[in-house]
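One line per chain: the protein sequences are A and B, in this order. According to my numbering, the first sequence is numbered sequentially starting from 96. According to my numbering, the second sequence is numbered sequentially starting from 96.
Derived from the structure by calculation, the hints contain no laboratory data. Predicted model, so just to flag it, every value in this text is computed and none were measured. Some hints here could point you the wrong way.
When chains are identical, the list treats them as one kind, so a pair holds in a single copy or across two.
[To be verified] List of simulated lysine to aspartate or glutamate pairs, DMTMM-like, C-alpha gap at most 20 angstroms:
1. 230 - 430
2. 335 - 410
3. 117 - 205
4. 230 - 199
5. 230 - 193
6. 117 - 193
7. 230 - 192
8. 117 - 192
9. 312 - 245
10. 117 - 383
11. 415 - 306
12. 391 - 358
13. 288 - 113
14. 109 - 192
15. 117 - 209
16. 117 - 199
17. 288 - 351
18. 109 - 96
19. 230 - 279
20. 117 - 129
21. 391 - 306
22. 109 - 425
23. 391 - 253
There are 2 protein chains.
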Amino acid sequence: DHPNIVMGHGSGGKLSAELIDKIFVQRFRNPILDRMDDQAVLEIGGMRLAFTTDSFVVTPLFFPGGDIGHLAVNGTVNDLAMCGARPLYLSAAFILEEGLPTQDLARVVESMRDAANAANIQLVTGDTKVVNRGKGDKVFITTTGIGIVDRPTEMSADRAQPGDKVILSGFIGDHGITILSQREHLEFESDLKSDCAPLHSLVEAMLNEAEANGNIKGIRCMRDPTRGGVATVLNEIARKSHVGMRLHESSIPVRESVRGACEVLGLDPLYVANEGKLLAVVAPQIADQLIVRMRKHPLGTESQIIGEITGQPRDMVLMKTSIGGTRVVDVLFGEQMPRIC
Amino acid sequence: DHPNIVMGHGSGGKLSAELIDKIFVQRFRNPILDRMDDQAVLEIGGMRLAFTTDSFVVTPLFFPGGDIGHLAVNGTVNDLAMCGARPLYLSAAFILEEGLPTQDLARVVESMRDAANAANIQLVTGDTKVVNRGKGDKVFITTTGIGIVDRPTEMSADRAQPGDKVILSGFIGDHGITILSQREHLEFESDLKSDCAPLHSLVEAMLNEAEANGNIKGIRCMRDPTRGGVATVLNEIARKSHVGMRLHESSIPVRESVRGACEVLGLDPLYVANEGKLLAVVAPQIADQLIVRMRKHPLGTESQIIGEITGQPRDMVLMKTSIGGTRVVDVLFGEQMPRIC
Ligand SMILES: Nc1ncnc2c1ncn2[C@@H]1O[C@H](COP(=O)(O)OP(=O)(O)OP(=O)(O)O)[C@@H](O)[C@H]1O
Ligand SMILES: Nc1ncnc2c1ncn2[C@@H]1O[C@H](COP(=O)(O)OP(=O)(O)OP(=O)(O)O)[C@@H](O)[C@H]1O
Ligand SMILES: [Mg+2]
Ligand SMILES: [Mg+2]
Ligand SMILES: [Mg+2]
Ligand SMILES: [Mg+2]
Ligand SMILES: [Mg+2]
Ligand SMILES: [Mg+2]
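If we strip away everything but chain A, and leave its shape as in the complex, we get:
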């Protein structure tokens, strides 16, 4: 009902979801796409391959904790990892704006190389287009990844069950607040940096732990809470699984600096983007062991059980607040969300 595309269509909120559904999914419709997980899982010749794509359009290109190159590699590595896939191969397509300093491009490419090496993924094919000045924004990068799912995992957003626990791997909002601070030249966040990181080895540790407990299917689903933040991803899972969810605000790790910035900016950290965090819904039998294992991993030291799946009320996320009340954690429309990509 929007005759024209608005910024909110890219926010990761309700407007994004509506656009994706109405314009894209309804036309492309097929059983693999319809799952709407962070990646497609393809059965080819008896193997399960994960396949995922993301465009990166972040401003500024360079920011504390990373740059568009790190993001472009790690973002795709993470969407592969979220189904338990081992990242294998990457493609990268560049849209360069006329006038981009060649040195900036080289710096971005070096970050990509380092990130690819760190994640043990090989960049095997690419593309390079140039657009006229004013028809692009320095550099846009689209990465597409292939991974292999070589364990009997069964992860999908429709598998959460009442009694399951919700796990979060660490502090939220670091990436979004870092980008916003840079963009708005806000000074209060001098020591804050993006959490951009590849999550595949944290996921591997979790799968190992679940397997050691004889319960690999106890990991029901994983998501990296990027654009729409933790709140959006949890709402998606609640709806897809047709369950309720109850969070405990006091167990959700938010840095003081992020909390402060959110207050100043009028934002809720639950809706702010992350680039190196994961949410998992897991069977209660393995939740504590997973937390122990995750905390031993450098990217999971602050891992927490932040809530649980309930039977009622379905399709909703409720949160027990720090001061003892209960509130609905809804999906936002899009316009109210911080624009960080």
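Since chain A is already given, all that's left is putting chain B with the ligands on it; use the hints.
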């Protein structure tokens, strides 16, 4: 040696090749990328999978014979087909400019759906980002494809041998001249349209023919002569294979309308982009049979042997002109090339 990116870096000519080599390939370096074919061929679990990506940034979005959606699907289908792969799965990432009419987007997506159906490829995953007005150009689409190479083909640009024949599947320059005419509001090409088309079934027919002749390895290499045109692709093959090439101008099909437009615009049709043509270097023993088979296919009715591979002079393409002389068909720097993408 360019401190900033210039339009020529996206032309498909020498400047493009230098940028790709110096900035990207030298950093990402690995044996699969280093082949520099139109697609990577991956060995996973005993299977050979083709993997390729392209961004599409064409202006205008809609043009005679197609639109950006057709291009985005067929371009990637063709890069898969050029190694003999059967197209299987596609991803599509969209970068939308704020203000884009939603109806235009829907029209593009419908074209993509139709093109995907026609090529029997399934779109299984995607991404949607929105950039501020003036930071993009209506819509950019990056498609990435996976295909399966299920025959014992061995196609690569380094396999051309003296004595091999060079095959072209039809008229050249239609796409590039159509786009230029639209962009510059030139009127002389009222009946010309883009040749945008999926080539996988033409390739399949060629592979069947080669196989029937017991010589599937006789198809040495295939390329779709997109941005840099026929001249650029043939130079790449000559260099990669370290051979010479001799073309016969009189056998290269160029429509009168394209020839006329090229004269007016000061262009050589050999450097103008195509989106539904293929070049193949093939063993002399199967060249004639291939031509017969190709001409039976709707996309190959004007197929021709346009030249042959020679031993000397190496790394060069020479052309016997219609008036009886011989000229060098060189690679262009980039600035001299028509900008059509
Ligand atoms: N243009 C599109 N066409 C088809 N499917 C799409 C499109 N855009 C998104 N999707 C699908 O919608 C779902 C959500 O995509 P989204 O990009 O929000 O996930 P993500 O990549 O995990 O998040 P982010 O892009 O913030 O990293 C995925 O299943 C994706 O395949
Ligand atoms: N940014 C990049 N990083 C790594 N490799 C790249 C990059 N850009 C292009 N390449 C590689 O360079 C080669 C030529 O790419 P190019 O895009 O010209 O081929 P194409 O897709 O067949 O042509 P077109 O893009 O005109 O359709 C390919 O092997 C491709 O993988
Ligand atoms: Mg993602
Ligand atoms: Mg390309
Ligand atoms: Mg994700
Ligand atoms: Mg291509
Ligand atoms: Mg995405
Ligand atoms: Mg090609």
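Hint by hint, here is what the structure shows:
Taking the shortest alpha-carbon separations for residue 230 and residue 430, only the inter-copy value of 19 angstroms comes in at or below 20 angstroms, while the best intra-copy value is 24 angstroms. Only within a single protomer do residue 335 and residue 410 lie at most 20 angstroms apart by alpha-carbon distance; the minimum there is 8 angstroms, versus 58 angstroms between protomers. For a Cα distance limit of 20 angstroms, the shortest separation of residue 117 from residue 205 across copies, 12 angstroms, qualifies, whereas the shortest one inside one copy, 38 angstroms, does not. In this assembly of identical chains, residue 230 and residue 199 lie within 20 angstroms of each other by CA distance both inside one copy and across copies; the values are 18 angstroms within and 18 angstroms between.
With identical chains, the CA atoms of residue 230 and residue 193 are at most 20 angstroms apart both within one copy (9 angstroms) and between copies (12 angstroms). For a Cα distance limit of 20 angstroms, the shortest separation of residue 117 from residue 193 across copies, 18 angstroms, qualifies, whereas the shortest one inside one copy, 34 angstroms, does not. In the homo-oligomer, the alpha carbons of residue 230 and residue 192 lie at most 20 angstroms apart both inside one protomer (7 angstroms) and across protomers (10 angstroms), since each shortest distance falls under that limit. For the homomeric pair residue 117 and residue 192, the shortest alpha-carbon distance between copies (18 angstroms) is at most 20 angstroms, but the shortest distance inside one copy (31 angstroms) is not.
In the homo-oligomer, the alpha carbons of residue 312 and residue 245 lie at most 20 angstroms apart inside one protomer (14 angstroms), although the nearest pairing across protomers, at 33 angstroms, exceeds that limit. In this assembly of identical chains, residue 117 and residue 383 lie within 20 angstroms of each other by CA distance neither inside one copy nor across copies; the values are 40 angstroms within and 50 angstroms between. In this assembly of identical chains, residue 415 and residue 306 lie within 20 angstroms of each other by CA distance neither inside one copy nor across copies; the values are 32 angstroms within and 68 angstroms between. Neither within a single protomer nor between protomers do residue 391 and residue 358 lie at most 20 angstroms apart by alpha-carbon distance, with minima of 32 angstroms and 69 angstroms respectively.
In this assembly of identical chains, the alpha carbons of residue 288 and residue 113 never lie at most 20 angstroms apart, being 32 angstroms within a copy and 35 angstroms across copies at closest. For a Cα distance limit of 20 angstroms, the shortest separation of residue 109 from residue 192 across copies, 19 angstroms, qualifies, whereas the shortest one inside one copy, 31 angstroms, does not. Taking the shortest alpha-carbon separations for residue 117 and residue 209, only the inter-copy value of 17 angstroms comes in at or below 20 angstroms, while the best intra-copy value is 38 angstroms. Taking the closest pair of Cα atoms, residue 117 and residue 199 come within 20 angstroms of each other only across two copies (14 angstroms); inside a single copy the shortest separation is 38 angstroms, beyond that limit.
In this assembly of identical chains, residue 288 and residue 351 lie within 20 angstroms of each other by CA distance solely inside one copy; the values are 13 angstroms within and 60 angstroms between copies. Taking the shortest Cα distances, residue 109 and residue 96 sit within 20 angstroms of each other inside one copy (13 angstroms), while across copies they are farther apart (46 angstroms). In this assembly of identical chains, residue 230 and residue 279 lie within 20 angstroms of each other by CA distance solely across copies; the values are 17 angstroms between and 23 angstroms within a copy. In this homomeric assembly, residue 117 and residue 129 come within 20 angstroms of each other (Cα to Cα) only inside a single copy, at 12 angstroms, whereas the closest approach across copies is 41 angstroms.
For the identical chains of this complex, residue 391 and residue 306 are intra-copy neighbours only, at 17 angstroms inside a copy versus 56 angstroms across copies, given an alpha-carbon limit of 20 angstroms. For the homomeric pair residue 109 and residue 425, the shortest alpha-carbon distance inside one copy (10 angstroms) is at most 20 angstroms, but the shortest distance between copies (53 angstroms) is not. When the C-alpha separation of residue 391 and residue 253 is checked against a cutoff of 20 angstroms, the pair qualifies neither within a copy, at 29 angstroms, nor between copies, at 49 angstroms.
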